[in-house]
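Going down the list, the protein sequences come from chains A and B. With the numbering used here applied, the first sequence corresponds to residues 1 to 307, in that order. With the numbering used here applied, the second sequence corresponds to residues 308 to 620, in that order.
Be aware that a few hints might be false.
Some but not every residue of chain B turned toward chain A, in silico, with C-beta under 8 Å [claimed, not checked]: (1) L341; (2) M344; (3) V359; (4) G362; (5) V436.
In case anyone wonders, no lab produced these hints; they're calculated from the structure. Using N, Cα and C, we set each Cβ at its ideal position, and we do this for glycine too.
Residues per chain are reported as follows:
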Amino acid sequence: MSETTAFPSISQSALRYRKMRDRIVEILLLIAGLVAVFTTLAIVAVLLIESSAFFDHVTLKEFLTDTMWTPLFADAHYGIMPLVAGTLTTTAVALILAVPLGTMIAIYLSEFAPHNVRETVKPILELLGAVPTVVYGYFALTMVTPMLQYFMPELPGFNMLSAGLVIGLMIVPYVSSVSEDAMRAVPRYMREGSYAMGATRLQTALRVVVPGAFSGLAAAFILGISRAVGETMVVAIAAGMQPNLTFDPREPAATITAYIVQVSLGDLAHGSVGYQSIFAAGLVLMFITLIFNVVGFWLTRRFREAY
Amino acid sequence: MSTSSAAAMMTPEALRRGLSRRKILDRVFVIVGLSLMLACLAILAVLFIDLVRDGAPRFGWDFLTNFASRRASSAGILAAWVGTSLIMLVTAVCAVPVGVMAAIYLEEYAPKNWFTAVVEINVTNLAGVPSIVYGLLALGLLVHQLNLGQSILAAGLTLALLILPIVIVATRESIRSVPNSIREAAYGLGATRWEVTKDHVLPYSTGGILTGMILGLSRAIGETAPIITIGALSFIAFLPDPPIKSEFPFVSFQWLNDPFTAMPIQMFNWVSRPDQAFQSNAAAAGAILLCMTLAMNGVAIFIRYRFRKKINW
Chain A
1 MSETTAFPSI SQSALRYRKM RDRIVEILLL IAGLVAVFTT LAIVAVLLIE SSAFFDHVTL
61 KEFLTDTMWT PLFADAHYGI MPLVAGTLTT TAVALILAVP LGTMIAIYLS EFAPHNVRET
121 VKPILELLGA VPTVVYGYFA LTMVTPMLQY FMPELPGFNM LSAGLVIGLM IVPYVSSVSE
181 DAMRAVPRYM REGSYAMGAT RLQTALRVVV PGAFSGLAAA FILGISRAVG ETMVVAIAAG
241 MQPNLTFDPR EPAATITAYI VQVSLGDLAH GSVGYQSIFA AGLVLMFITL IFNVVGFWLT
301 RRFREAY
Chain B
308 MSTSSAAAMM TPEALRRGLS RRKILDRVFV IVGLSLMLAC LAILAVLFID LVRDGAPRFG
368 WDFLTNFASR RASSAGILAA WVGTSLIMLV TAVCAVPVGV MAAIYLEEYA PKNWFTAVVE
428 INVTNLAGVP SIVYGLLALG LLVHQLNLGQ SILAAGLTLA LLILPIVIVA TRESIRSVPN
488 SIREAAYGLG ATRWEVTKDH VLPYSTGGIL TGMILGLSRA IGETAPIITI GALSFIAFLP
548 DPPIKSEFPF VSFQWLNDPF TAMPIQMFNW VSRPDQAFQS NAAAAGAILL CMTLAMNGVA
608 IFIRYRFRKK INW
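Just chain B, with the same shape it has in the complex (with noise of 0.2 Å):
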């Protein structure tokens, strides 16, 4: 290196220098490198507040309870913020059972052979996949080759696709961390191997597969571009049949086939209109959008951490 040769040649004063050279180009880097960190923390706290103060007029106990409206000052959000609850159950019913049980296939089941190898490659290529070319797969599997229709259901499936891979990476990752001598002691005391998964493996592994859950979750309850895709109308004046009946059988899954509309679609239907006035509507929607997100990430990273704390091998 040319450093090095040159230092021998170099007089003491002059490889001083050059040391107290380096020395402050260290100090100004440690000094960017924070500055810039805590630049991006700051857009992110820039980027709440100002949601927050652009939606203000807007928060109320209206704006949670009535129709989206022709007219802003009397706009809402009820028929989305439905919409979105009724999608992430969609979502969660059916992503979480079939993610943990593909990811305990792939950590305790597979053989090592191409055929797995073709299943983790796929995993991998999945969670690779513009969100977008979801929405087209449900556009022309679900909605239109299977009848579907724009209905609850559709989203549902088509979200709970999209976060297929993260609840399985997560889960595989937590069930990874689980040490081998416990499977052992439990295969030693004759256990088949789903009883050790199940009796063994899954309860030191719940907080990572929870944590992988809610972290698909918010990113499913923000995503946009699948589900205007699929055709979801941005203005909807009612709700979904509700779920539960006063007369037999009480429950009813009418809703699952009814059109919807979604937070994040009533956000992107506000933000596009020209009037300043759906503006503020938008913001404040965004706000409320926002929390949800930041709130699930941030009961995500706490359990991680809770269980993270009270397990000791």
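So here's chain A without its partners, still in its complex pose (with noise of 0.2 Å):
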């Protein structure tokens, strides 16, 4: 390059080894941008392969109409419906808990608390998130377990009502973290217009906030369902372990990933049709992950607003 030349320190060499450099760079960085893809790619072609290795013993027929799941007993039955009702429960105890709770609590910090409170509190709120799951299970078992029991003294030792509601205590600082943002990113200009037109805090919250930060709201909620369905140790440990086909959450249930946990505890030769039904309970879990967060897409789209 002619340019380089009125600068007679740089010598051409040093030059080109700078650029090599940045090129042998460039390239290690986009390798480390590819393991992301790469991990994704080796989870479907693993959950894909061992299934349609699960497939070739089950009918797809039997798998989605069976009502019993027995895949280790010697009267096999491969139905997965038992552990969609369970993983269904459980979400939806946890979502019944967590979502009012957790917009009411992103509306105060939001809208109502002082800034210092809101600086305070969000960080400790988020800790929350952060405490193991397998001490939520414990919390569930040994202390929410006997606290429901005395006001339902029927009710069994393993629930899916009081894993829900752990869940659901688990799940509501990711739904208030991310509520609060989007409610946050409406304008100020709206609230302005909305005091102006001598609304409450409440009002100006409840009509003009929450309606304007809708598909914010509904991302979060989306988030929160996807750590529900996939949320493994508080399910494993208080909700018992064994399949049972009912949406009442007072009984005990196994989910999804409550089944594979209890499968990968036992010493399950590679390649048998047990440890391929744990590959394929993966996928259906994959798989309604991926429906919520379909709907969490279009939801967000459909009801986005543009300022």
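Take the two lone chains, each set in its own frame, and fit them into one complex as the hints suggest.
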């Protein structure tokens, strides 16, 4: 290059070396970026390959319509529905607690709380989401269940209600944190317009800020659902591990995740149908998560407000 | 809106009454919101106090230096905390460089095209994949295809993949917050892109990167499901091969291939025993685990706060 000759102190070879180093670094960085893509592909590949081996033994019809899930028994049944029912029930219980609680905390933090309260409380609240899930499992089993049994004496020691409530508590910070960010992104002039019309803060929050931030709220709820569907240790510890086709949260049941843990605890031969069944279960879990995310994506698109 | 058309017909008294009612509702919400929030914080405190109280009889030096045992009173967490420390070492060594590098690529190098978009969507989606699915990935790929077995290396790699999105997202955020004027000044003096990144962008984003790394590791330390899926043993009465040897070449990587147990697995094992005596072991292990996680989070918050205060653009 001609302009470099104007600087005699920079030799051509040094410049070439630096440019070469830049190329090499760029390639290394690209490879690191590809690790993420590779991980996704590997997850899909592993789930599909092992599941396809599973579906050599089990028909899709049996998988979807059989009402019993006993792959490890002599009389093996392969109906995924009991596990799906357990997963959906615990998720529903969790959401019934977390959505109102998380949204109200978010409204409070975003619209009512003084600045220093928000700055102090938010990180502490996020610690709730950082507690190891196995600790939450212990909490559900040894504290929440006995507490619930005080009000419902016939409640069994393992039940989906207590597990679901604790999962709900666990996802409150996710819901509230993302919702609060969404609400704070609603521009100030919209609030001011509302105040100028004589609305109180609560009215402004409920009729201007919440509708304005709806797409962000939907994203927050979807994040919460994803966490609840995939939550493993709380249900494995507190909900029992018996597959049970019921939507009654007071009963014990296994979720998809709890089943995977249960099988992993035993010593199952690589390549057996029982081994393959956990991958099929994992595939269903991914599928459920995907459905919720697609719905969430649609909701955020549909209700996005442009300012 | 119905209220505004009604207000036009309202007498001043009715309007005033309506207003005071709305103001009361406002107050009520403040109280409700505040108390819900305090309730959540109180639950966190109760959780912690409960663990400490239940585990109190088991705290002591013996608990840290004993192996797991069939007798609850003499069981300890030696193998568990050693296992956890070694796994975290592997996780940090793998996840941090790869995550930071991927983030640098996405922020500083990646051209705006469909390929970059695919990588970005990928990272976002990976963050939403349930942790147990990573366990299945590890079981199928690392344990059986790559023949790593049920080893510390397999567990560390699994958790590294799990926290990779966390590290990437945190690093990207802190890189993005470095103002462009700094990059342009460096380019103006003839620096290459890597020199700009290494000498100017990275030093400013160290705080954010450290925060992301600690938060990622604090997530990994409590993860139970993926390493159960690999098939970690919960009864281990020996330590992995020591990494430092007395004879040449002084360091050994044999421990990477050793079977292991970890804190959350040990706790899960104790929780699922019907014997009440083991519950207090579980509580003690849980209290220690919770302390580790909260301490890591505290450090992360502190670093973020310090760096935010120190830098004035």
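### Query
Which numbered hints are broken by the structure, listed smallest first?
Result: hints 3 and 4 break, sorted rising.
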